[in-house]
Amino acid sequence: MPPRRIVILTGAGVSAESGVPTFRGPDGLWEGHRVEDVATPQAFRRDPVLVQRFYDARRAALAAVQPNAAHRALARLDALWPGELLLVTQNVDDLHDRAGSARMLHMHGELKSAWCTACDRRHPWEGGLLDAPPCPACGLAGHLRPDIVWFGEMPYHMDRIEAALLAADLFVSIGTSGNVYPAAGFVDLARHAGARCIELNLDPSMTSGRFHDSRLGPAGALVPQLVDELLG
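Per my numbering, the very first residue in the sequence shown carries number 4; after that it's consecutive.
A hint or two may mislead.
[As the list claims (entries may be wrong)] Here are the simulated SDA-like pairs of lysine to any residue, each with C-alpha atoms no more than 20 Å apart in a straight line:
(1) 115 with 60
(2) 115 with 105
(3) 115 with 85
(4) 115 with 148
(5) 115 with 127
(6) 115 with 84
(7) 115 with 195
(8) 115 with 169
(9) 115 with 44
(10) 115 with 151
(11) 115 with 86
(12) 115 with 83
For the record, the hints were derived by calculation from the structure and aren't laboratory data.
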């Protein structure tokens with residue numbers, strides 16, 4: 004019986020084929036920085052200039068990358084799938100958005116969004132934050148930060164994600180390492196609910212053994228193949 008309700012999780016391996024650096028390289032660094040120096044609330048309090056400059060550079064770099072075949076295939080599935088579908092991405096880039104995915108949640112925030120810690124409003128943001136611009140809503144300067152979920156902070160939309168996983172017939176994980184929670188535990192939630200679980204990854208992840216089917220290879224090849232299978 005074909006699935007009716009699908010949940011898809013994507014990680015850094017999807018965007019890597021577009022030239023977006025994966026979160027943590029083999030040397031443990033992200034773009035030459037320790038994660039502890041650029042991706043924690045403590046780092047922001049300690050050196051806000053470093054953190055703002057880092058994310059300003061990441062935001063600006065998005066102009067040089069384009070969605071790849073995996074992003075486009077998932078957008079096609081979103082457009083054509085007649086049942087329920089939820090794409091959950093750990094990626095903070097906008098490549099799924101630009102490819103056309105609509106039924107989607109950014110669980111770790113977005114580079115092209117700024118969060119005002121004074122009034123708790125979020126705003127689409129294209130430029131830099133290093134020069135402490137005023138909040139478009141409350142007008143206060145110096146309170147905008149990257150709308151990114153850092154280590155030690157709660158990912159966004161968890162109630163909606165967990166509800167979708169518990170109702171899913173099919174869970175697909177694409178390009179994830181399987182070592183960052185809570186996303187690494189999504190397969191267990193989906194399996195417990197009776198969903199079939201498929202992993203598409205360049206290499207085996209930390210959670211490969213928990214999937215019913217683990218397919219290895221580049222996302223740009225594997226994702227279009229799976230989408231063709233699902234759409235029949």
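Report the numbers of all earlier hints that the structure fails to satisfy, in ascending order. Going through the list in order, the structure violates hints 3, 6, 7, 8, 11, 12 and respects the others.
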